[in-house]
Structures are given as C-alpha cells and as structure tokens.
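Enquirer: According to the numbering used here, the sequence shown is numbered sequentially starting from 414.
Some hints here could point you the wrong way.
[What the hints assert, rightly or not] Straight-line Cα separation of at most 25 angstroms, SDA-like style, residue types lysine to any residue; simulated pairs:
no.	residue 1	residue 2
1	K484	I463
2	K484	A471
3	K484	A473
4	K484	P462
5	K484	L522
6	K484	I474
7	K484	A496
8	K484	T521
9	K484	V517
10	K484	A494
[Claimed, not checked] Derived DEER-like restraints, expressed as beta-carbon distance ranges:
no.	residue 1	residue 2	range
11	P477	W429	30 to 40 angstroms
12	L519	P489	21 to 31 angstroms
13	Q540	P489	30 to 40 angstroms
14	I493	S543	38 to 48 angstroms
15	Q540	A450	38 to 48 angstroms
16	L476	A450	36 to 46 angstroms
17	Y426	P477	32 to 42 angstroms
18	D509	A472	33 to 43 angstroms
19	L541	Q507	44 to 54 angstroms
20	G455	A526	22 to 32 angstroms
21	V517	S543	32 to 42 angstroms
22	A450	P477	44 to 54 angstroms
23	L539	R447	43 to 53 angstroms
Just so you know, these hints were derived from the structure itself, not from any lab. Glycine residues also receive a C-beta, built at the ideal position from the N, C-alpha and C atoms.
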Amino acid sequence: MSVFVPAQMVGAYADWCLSLTALAFLARSVGASRRAAELLAGYNWIQLPIAALQSLPAAAIVLPGGQAFAKVLVLPVLSIAFALLWGYLRRALQLDPVWTLCVVILLTLIGLAAQSIASNLAFALLQLVS
414 MSVFVPAQMV GAYADWCLSL TALAFLARSV GASRRAAELL AGYNWIQLPI
464 AALQSLPAAA IVLPGGQAFA KVLVLPVLSI AFALLWGYLR RALQLDPVWT
514 LCVVILLTLI GLAAQSIASN LAFALLQLVS
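Go ahead and model the full structure; you've got the sequences and the hints to work with.
Expert: See the structure below:
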C-alpha cells in the first residue's frame, strides 16, 4: 500500500496534465483557441462528477456481498461517465460524433498509459529496493 497509493497519485496527476495538454492542442487544431481556457476549466469540473460516479462500484465492494453489486454498477457508471464526457467535449469543441469519439478514446488511452507507467515504475522501484 505504501507504494500503490503514491503511484496512483502520480499516475492521476500525470493523466490530468497530459489530458489538459492534449485538449489544449486539440482546441488549437480545431480553431477553438479562444475558448481553450473555458474548455480546460470545464473539463476539470466534469471530472468531479465522473470521479464520484466511478467511486460507487469501489465503495460497493466494501459492503457485505458487495462484489456482486459492484459488478452490476460498473456498466451503468461507465455509461454515464462516457455520456458526460462525450456531451461536454462535443459541445465544447464543436466536433462531429466520430471526432468526439476519437477524443474520448485518446483521453482514455492517455489515462491508461499514465497509470500503467506510474504503477510499473513504482513496483519496479520497490523490487529494486527490496
């Protein structure tokens, strides 16, 4: 735990920084540079309800018999999170649906890569020290 929690925090911070950088470049490339600050601020604010939603299945695991309940919660939570992000990015960047899907996939891949790299580096460091 002493390695896992800091690694997750570093991964989350890297994900946040890289996502904002990618959105800034995207805003510039689609001609939304004047609205870039609003785009980034809105993206930051949409993360709060998304994170709250994603914590529901994790919290359900703690309940007695909660693993089955958490499994049931995962798909609706991911669907709602996807819909929130989709709707926000579609309106903020004024993109076609296909391009909005590409942006959501890009942001998802950035998050997965950042978390994976941070976790792998932390555990490699732990093995090196132990």
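Enquirer: All hints are to be evaluated individually against the structure, with a verdict given for each.
Expert: Verification of the hints:
1. K484 - I463: Judged against 25 angstroms, a Cα distance of about 18 angstroms means the pair holds.
2. K484 - A471: holds, 10 angstroms
3. K484 - A473: holds, 9 angstroms
4. K484 - P462: This hinted pair holds, its Cα atoms lying about 20 angstroms apart.
5. K484 - L522: holds, 23 angstroms
6. K484 - I474: holds, 9 angstroms
7. K484 - A496: holds, 19 angstroms
8. K484 - T521: Holds - the C-alpha atoms of T521 and K484 are around 21 angstroms apart, at most 25 angstroms.
9. K484 - V517: Between K484 and V517 the Cα gap is close to 23 angstroms, so the pair holds against 25 angstroms.
10. K484 - A494: Roughly 16 angstroms separates the two Cα atoms, so the pair holds.
11. P477 - W429: 30 to 40 angstroms: holds, 34 angstroms
12. L519 - P489: 21 to 31 angstroms: holds, 24 angstroms
13. Q540 - P489: 30 to 40 angstroms: holds, 38 angstroms
14. I493 - S543: 38 to 48 angstroms: Hint holds: Cβ distance 41 angstroms, inside 38 to 48 angstroms.
15. Q540 - A450: 38 to 48 angstroms: holds, 43 angstroms
16. L476 - A450: 36 to 46 angstroms: Holds: the Cβ-Cβ distance is about 41 angstroms, inside 36 to 46 angstroms.
17. Y426 - P477: 32 to 42 angstroms: holds, 34 angstroms
18. D509 - A472: 33 to 43 angstroms: Since D509 and A472 have Cβ atoms about 37 angstroms apart, the given range 33 to 43 angstroms holds.
19. L541 - Q507: 44 to 54 angstroms: holds, 48 angstroms
20. G455 - A526: 22 to 32 angstroms: At roughly 23 angstroms between Cβ atoms, A526 and G455 fall inside 22 to 32 angstroms, so the hint holds.
21. V517 - S543: 32 to 42 angstroms: holds, 39 angstroms
22. A450 - P477: 44 to 54 angstroms: holds, 47 angstroms
23. L539 - R447: 43 to 53 angstroms: holds, 46 angstroms
Of the numbered hints given earlier, the model fails none.
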